[in-house]
Every structure is written in structure tokens, then in C-alpha cells.
Amino acid sequence: MERAWSVAARNLRRNRRRNLATALAIAFGFAGLVVIGGYGNRVEQFLRTNAVYLQHSGHVTVFLENGLHKASAEPEQFQLNPVAQQKILAWAAQDRRVEFSARYLRGVGLAGNGCGTHPTRLLGMEQTALHRVLYHREVAKWSAEISRPVRGRWMDAYPELPQAVAVSAGLAVLLQKPRIHDEAVGLPPAPLILHCETEQRLDELGRDANVQLAAITYDGSLNAVDTEMVATFHPSETLGEDGTMYTSLSLLQTLFATEQVTYVGLFLHDAKDAAAVAKEITVALGKEGLAIEALPYDDERSKPYYVGTMAFLGAVVGFITVLVELVLALTVLGAMTLTILERTREIGTWRALGFTRRQMTALLVREALILSLLGLLAGLLLGLAGAVAINASGIRFAPPGVPGTIQLVIVPAAWICAIQAAIVIPGLCAAAWLVARAQVKRNLVDLLTSQTG
Amino acid sequence: MQIPHSSQLIVKVAFRNVRRNWRHSIAALATLAVGFLALALFQGYIEEFLRSQLDVIYSRIMIGEVMVQKKGAGTRQARINPEKYRIDEKEQQFLDRWIAANSGSVKTNVRTLLLVGMAHMGGSSAQMILWGYDVPEGRIARRKWSWNTWAGHPLRETEPSGTVLALGLGEILGCMATSEAPVLDPITAAPLPIERPFQCKQPSLMLTVTSGSGRTNALEAEIVGLTRAGSRDFDEHLLWVPLRFAQDLASTRAVSQYMIVLNQPKSGPMMRAALRVELQRAGIDLEVVDWIDTEGADLLRRGIDLLTVFRGLVFVVILIIAGAAVLTTMMKTVRERTREIGTLRSLGYLRRHILALFAMEAAMLAILAGGIGLLCSVVCTLAINASTITYKGGLLADAIPLRVGYSFSAYAWGFLFLSFVAVVAALLAARGVTRMRISEALSDG
Amino acid sequence: MKDGASDAADTAIEGSLRVDAMSEAFVRVEEVHKTYRLGEAEVRALRGLSLTLHKGEFTALVGSSGSGKSTLLNLVGCLDEPDRGRILIEGRDVAHLSDEERSHTRNRNIGFIFQSFNLVPVLDVFENVELPLLLHAELDAAARRERVEQALGDVALLDFRRHWPEKLSGGQRQRVAVARALVTKPLLVLADEPTANLDSETAAHLIDLMVELNQKRKVTFLFSTHDEKLMVRVPRIVRIRDGLTVDEAL
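Chains as they are written, first to last, in this note's numbering: chain V, 1 to 453; chain U, 1001 to 1445; chain F, 2001 to 2250.
Simulated from the structure, these hints should not be mistaken for laboratory data. Don't take every hint at face value.
As the list claims (entries may be wrong) - Only part of the chain F face toward chain U is listed, based on derived beta-carbon distances under 7 Å:
hint, residue
1, N2074
2, D2080
3, L2088
4, R2106
5, N2107
6, F2112
7, N2118
8, V2120
9, V2122
10, L2131
11, P2132
12, L2134
Predicted, not measured: the structure shown is a model, and the values here were computed from it. Yeah, the Cβ is synthetic: ideal placement off N, Cα and C, and Gly gets one too.
Use the sequences and the hints to build the structure in full.
What follows is the structure, given as C-alpha cells:
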């Protein structure tokens, strides 16, 4: 039918108030979806950045086979020795999908201040990797707040201090160490023997940033090193706040008297390659006689919190999308019903002039499509404006599992909006088609003599 | 007070119009009903989630309706000087007397002592949070969770140095459950009382804690069972021992908390208030709290807050859309009855009578839709609860069954809000025509 | 019922006698102007029309479509306001009252009969006639019932009181409208082309009914029509053209 689109558009102008109400409903509904999708996108990116970068795991975490579960209990048997490390690093170096790789050693020890000790989780990492991870563009974009140290600078800023460590903020409080290295420079040194039982203790502990670290080596000996606290930070897990320390890899290997590492983290250019990289490295190194366990970041065994949260969030956002879609479809159904009822005689007239049922249905569906597209466009703009307003408001909230609060940020993603539009538009057109088809199928004489319009 | 005749007419005409023309409003009815359904299901889910989580948490970690601890016990200062933040023996005697005096209301009382330290097994070490508690009283407080182990058996009075490890902590140290058999009762969702096998590198482990004064104590404990701690974070840190063992380890007879479980949980606020008064009278500096208000409930509160925000957003969006649907329908209705409106005005009826008429019709429509929505939500709730869908929620260690509760507050608010939206939409739709010239309205159509 | 011309003459004489006997003005329309906007165009419906009605008169407004009949009825019936001029009912200027005052005046003093009957479809015959009485707080249900039954009796529809409007013929519906117009015992009844949707026989019967009620109840009637055949039944005819009265005949 010639000029079908222009006829459809002109028909929309005939009942402006109702069409405006319908378009506004579609706009609000889609705006809501844009905001929810933007929140989901932001959360996903934030959690992924945390899981990959801030938990220092990489997109693919490579353990010795069974190392994920047994490396803590039996480190000597289930951690990666230097030969294994070299093989993994060599494979990673030749794969273009790998941006960089890094070695990590995990352990548990006691952090002491000379008066008391607190158990702490330890993570030793290569300084170059630390820098690349914490200053990565993804981290800057999605997790800048919690990637920055609370006080001080990360260890890589102190190449002259091999004993530099970063201490979780809560642990620093427990150790009663109010000053980091830079703040303690120039202060009179604390006495060799501290007055732990007296109030003088606080002043003496505060004069330096020295933290003693003690641990049991793999062969059962007790070992200890002196460290210097150069930064405090919030770790990404809540329970880690009172007992986490980052050290250099060499320092931790010295403490545990080992050359092993717990895992190697592979950081990729594109997160979508994680599963493929994990599979390929496992096969490739298996052929070289090295049995490994390579886990992509979205594997529940490696990152149960991330996977569990994303599944839950996906279900909630999906449920909301379906609900809003249903309500929008019903709204369009209602509006089209009214429109078509009012134009029954007109439809009869068109049919009498020779237009087929299909052409009439298509005309009416076109009207619904134009209305939906206008509504969607308005909704997109409204949603984007809403996102800008929310982001500018600086609202903070406390999501589960994250220490303290983070700013509520909505980041609409084009692909999410496209998917939502791809769900909404056919639904609205289908609603219009149902109504149009039912009316157009009626007997011509009935249409022409109808009392309703 | 007699209702004016005109008001009776308005109700009568509104009702008859809705009854006559409901088919024309099907889409608006459906939209409102779906809005009601969404609110009811969402709120029902949140309420049931909170109820079931509290039920599990209260049982699993033996929380009583009356929780007594030292002021500031949850703070970091308490971690630095734990001794200063414990309930000493004198204070315990006072509490024991109070409990005895209220024995008719108290089901049981569980004393706990929380310590932070290290657990060592062979060459492995791990941070630990040690939870010492009164074993027989704890069994009563746990109710259907009295058998609270996934492998091995729960603590017994006959094993004074027994310990139950959280599965995550056990894994770190070298202990694993070796049976694949189902653990949870499908109806109660609590562990079945079966002793499942497990194996460890060594049968016992060394536990060390350091006091505030820097002294380190160590004791050996025998591993008798493995369990889940409920959240992933705690699963890698927690272990349980008898209270006396914990006290020996910390060289103290003090305790961290009293968990008083009542026969009538609803009397919690009253009992807490009563105990506060008694403590104040005795000059004892202890705080009496409800667990849900403590730092320990932070994770749960945050989860509920997040879900509530989602619910609010969904609700607002759906209300706006539903309002637009009703507006569209009412605009048509008003348009069709313009002449009728003119007639009523010509007979002396005022603008407010006309507005009231349409508002009444819209409210009736909303109530009808609410009734449909209520029926659908009850059916959906039954269907969901009868299904065996489970899901894992982020920090929760175990999969939990998908359940929706019957939220009477949601039903009431649903009726209220939908009626409000419908009335506002109707007033907007009818406002214009009531301002029309009567002669114009009469000659319409 | 008498035939045509002799009927008209008799009626005209009776009408003129009545006018002589009750010469006080009941409704006075003085130099009334009314203009409507229809899109871009302006339509001057009344251009300084003046008219006097006496109590108990039965007057027909005759004119072609667009002459201003309906506009005049709307203004006299307080359904609209004139741009200029006065409308006095029993000496009171109703042209510029507030909306509430005009509503009260319509409810208490004026009855309407419309071309399309304008019955409320969800109310039965009894309820439709009772409709204006519901605003009379001083009447209880028994008093209202008595009045409604009297009004329905006057139009011979008492047996139809529980029927729905959609089940009635055009003539019956219009008689219900007449009953509704009279149930409040108004001073003035206005009818805008009440016979337009009726066949000629029914239309004639309706006019006869209205004349009978006019004589029985002494209510002033003003109705519009363009049907010349009905003129013979009417004591006074006022012709309107282009918004002004051009002729009067008794």
C-alpha cells in the first residue's frame, strides 16, 4: 500500500491525548528498563572488575591440578613450582589474547606490632603486576573507589623498600598503627621494648609503620619478617577488612621459605576469551606433562560470589523486564482496542473501497509500531537523563558483601537497551496485531453499520 | 450522618456502568491486575526470604530474642582489647538470676564466647573465628537444626575438646566431606540427622589465640564434624567448640554474649525492655539488643534493602504505566458519555458530582482488578511454593528454595495504590469535559 | 383530538386570551448576543434578540437550522452565558450567575426535554425520572416516590417504571423525558426539537401531551421546532432567523 507509513503517522495525530498517554506509558516503562539495565550493567562490570583485578585472580586463574581446593592444606604438593610457573608464563606470553600474566602466593600468618598479634591473610604479588592491575583502565572505570588505597601509595611506588606492604584498614586499626611509612618518616623511633601494658603504648606504636609478620613454613618451622606499612586499603571482601595484607611475592616467598606460587593469573584483553583460553592452556600444558586447573572468572568454583550474584541479578532484572513488557503490551492492547473500536465504520469504508484485511491490519500495526518507536525513543532519552541525574546526585548505598558504601552509578549499555527494545517492540506490535486482526476479520456490513464509531 | 441522595446515585450509577462496560476496560483491568500481581509477588518474596533467612539464622547460630553483650562488643576496639568487652562472672550471675526469675518465659539460654585466632593442621594454617557455646542449651536453641553437620556429628557433652569446622575452613586445612548423599531434608531444609563420613589430614588441629596483652595460648581440638556456615565468607573462617574449651583457650571464665531464647518469640520486645530496666537498676553496663539491629545482621539487612529498592523501582514504573492505561480507558469512557454528562449538568448536578462519578467508577475498576490480581497472586504463590526451584544468592553458601509468602500488607497497599492511581487518572480524564459548556456537551455525538 | 386548521384557530384564540389574562412577563430576554468560535470562523448565533414569555404560555420557536433557536434555549435554560444582554426569570438576571447558582436554578426552576431524549442508560424509567429530585435534600424517599409516580402517571408510563430505556420506543423515551422535566415542578420547561427523532403521529401526540400538561400544571413551555405541521397545535409561535426574532403569531 502506497504511503502506508505516512497514513499511519497521520492517523496517530487524530487522538493526540490518548496516543500521548500511551506513548508516555511506553516511555516510562522503557526508561525504567534502561535504568535497571544500566544498574545491572554497572554491577556486573563492578563485580567482574573486582573478581578479576581487585581480587588479583585474572580472567583465568591457573592452579596445579586440584590446587584450588588443596593448595592451602598441602602447599608443597599442590602449588606451582618454578618449572610449572615458567611453562605457564611461556604459554601466556605467546598467546595474543593475554594482556599480561602474574604470579601470586597465598598464605596465612600473624601480623604483630610488638605488643600483640592478629591473624591475617597474605597475598604476595609481583610489583609490576600490582601496578598493571590496580591502575588498569577497567579498574579506573568501574572500581576506582575501592582500588585506591585509603591512605598512602601501593608498594610499587617504593622500589627502594622491598619490605613494603599494604595492610587492610581494619587490621591497621587492630594493630594500633595510625601512621603509614610516609607519615612516620622523621618521627623519633619507638623504644626497643614497648610499654605494652601502659597508655604509652599508643604513642610508641604510632611512631613507626613497622609490622612484624610471622608464619609457619611448609616444613613446619616458624619464620618471621619485618615489614613496613606503606598503605592501608579496603579489600573486596567484608571479612578481609580485619585481616588482609598485600606483600611483594619475594617477601612472602622468603617468609614461607619457598619458590612456589599458589596460582598464576592471566589477564586478558577481552573477558569473552576467558573460557577458550582456560580450555586451551589446560590442553596445551597437559601435552607437556603439566596437569593444571585453569578456571575462568565466571566459574563458580573459582568465584562463587560473582557467579551467584550475577545469576541472582540476572533473574531479578529478567523478571522485571518481562513484567514491564507485559504491562506495556497490555497498555498498547487497550489503546489499540479503543482506537480500532472508534474507527470501525472507517475500517469498513476502507475495506469497501477494496483494501484487503492484511493491508488494514498492517496499517493498524504500523500505527502501533510508530507509537512504540516514539515511546521507546522518548523512554531512552528519559532513561539516560535519569541515569545522569542519579549519577550526579552522588547517592551512596551499601551492597551486600562490599565493605562500606559505594556510589550508586547507572551505566546504560547500548547492547542491553537494544535487547530490551528487541523484546518490547515485537511484544507491542503483537498486541496491536491481535486486536487489529480480530476487528478486521468482521463482516463488512457489520463494520459499516457499527454504532461504535 | 445520612449519605446525600446524590452520593447514593453516584455509587449506583458507577457500579452499574462498571458492571455493564467492564469488557471495554479489559486492557486497563489486566494492566492493573498485573501491577497488583507484581507487587504482591515481589513483596511476598522479600518477606518470605527475610522470614526464612531469619528462621535459619536464628536456628543455626542459636540466636535468641534477647541478646545480651557488653556495649561496643561488635566494634574494632573490642577486637583490640577483647577482655574488656566480655561479660564477667559477676554479670553472668546477675543474668542467671534474672533468667531463673523468668523461667516461665525462657526456653533456654546459650552463652557464647567468640575468639579470633589461627588454626593449624600439619603444615597448613588458617585464620579462624572460634565460637564456643553451651552445647546442650545450643541443641535446644537450634530446634530443627539441632543436627547441624554436613559430615560427622554435632558437638557432644561427652567430647569436651571436640570441634566442628565450617566446610571452607576444613578445605583450607585439609578436611573434606566424602559422601555425595543429600544432606538437607527437602521439607524442613535442615540437615538430616545422619553421620556422613569425612576425612582429614590429621584427626585433630591446634588452635591458637592471642590475648590483648600479647599472650598466646594454644590447645588441641579433635575434629568431630564439618558443617556449612551459611555465608561464603564465614564458611572459610568458622569453627565451633564447647564453651569451656573456648574459655580455657582464652584463659577466662567470661563470655561474649548471652543468647536468651524465649518460649514466645513475640514477647521479645517486652522481655528486652524488662531486662534493660533491671540492668540499669543494678548499675550493670550491658546492652540488650535484637540481633537484627546488630552488626552481625548487616549482610542480611543490606540484601533486604537492595531487594526493597528493586521493588520500589518496579512498583513506580508499573504504577505509572497502569495509570496511563486507566487514563486511556477513562478518556474513552468520558468521551462516550459526554452527552450524559451534559444531561446531568442540565439537571443541576455540579462538576464535583461528575468528577465523583468517574472517580468512583475508576476506583471500582481498580478494586475489581485488584481482586483478579489477588486471585492470580495466590495461584502463582501456590505454584511457586510447590515447585522445587532453588537458587543461590551471591554470598549465601547454600542454594535456597524459591518461596513466596502471602503478604497481606502488599495486598492492602496494592488495593490502595491502584485505586489511588485509577482515581487520579479518572479525574484527569474527566476534568476537561466537566469544564465544557453544558450546551456543547449536550450536542456532542 | 380536533383537526388541523380549526384546531389551530381555537388554540390560537385560547392562547391569546391567556396572554391577555396573564400579562406579567415571566421570562424576559433583552438584547442578547451570542457568538461561537468554530475553528477559525466566528458564528454570530444571536444578534441582539429580545423576547418576552408570560407565565403559563406555550410557545414554539420556529426557524431553520442555524437560526439560533437552540442557542436561545440554552441561554434561557442557564446552560450557557450570553456575551451581551440580560435574561430575566421572574425579574432575576440569570445570565451571569455562578456555576453553582445556575445549577441550582436549573434543578429547581427549569425542566429540559432534549431531542435525543438523553436518558441515563444504566437507570430504569423510575430512576431516570427521580434523577433531579436526588438533589432535593428536603425530600425523603417516600416523597420522591410520590412525585415520580405522579409524573409518570401524567405521561401514562406508570406501568413502565422498572423498564430500561433501551427497551422503550422513541415516543415512550421522550415521555419519560417529559416526566423527568416536570417532576421537580419547575416554572419553565424548555424543549429543543423534542419531536425531531419521532415519527409524525408520535410527534403530534407528544405536542398534545405537552399542551395538556401546560394547561393542567400552568408550567410555561418554550420549545423549538422546524416542523411546520406542528404549528397548528401551538398557541404562540415565534419565528427566528439569523439570530433575531422576525415574526410572532398567536
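Hints, one by one, checked against the model:
1. N2074: Check passed: Cβ of N2074 of chain F comes within 4 Å of chain U, closer than 7 Å.
2. D2080: holds (5 Å)
3. L2088: The hint is violated - L2088 of chain F has no Cβ within 7 Å of chain U, the shortest such distance being about 20 Å.
4. R2106: holds (5 Å)
5. N2107: Holds, because the Cβ-Cβ distance from N2107 of chain F to chain U comes to roughly 2 Å (cut-off 7 Å).
6. F2112: With Cβ-Cβ at 5 Å, under 7 Å, it holds.
7. N2118: Since chain U brings a Cβ to about 4 Å from N2118 of chain F, closer than 7 Å, the hint holds.
8. V2120: holds (6 Å)
9. V2122: holds (4 Å)
10. L2131: holds (6 Å)
11. P2132: This hint holds: P2132 of chain F lies near chain U, its Cβ roughly 4 Å from the closest one there, short of 7 Å.
12. L2134: This hint holds: L2134 of chain F lies near chain U, its Cβ roughly 4 Å from the closest one there, short of 7 Å.
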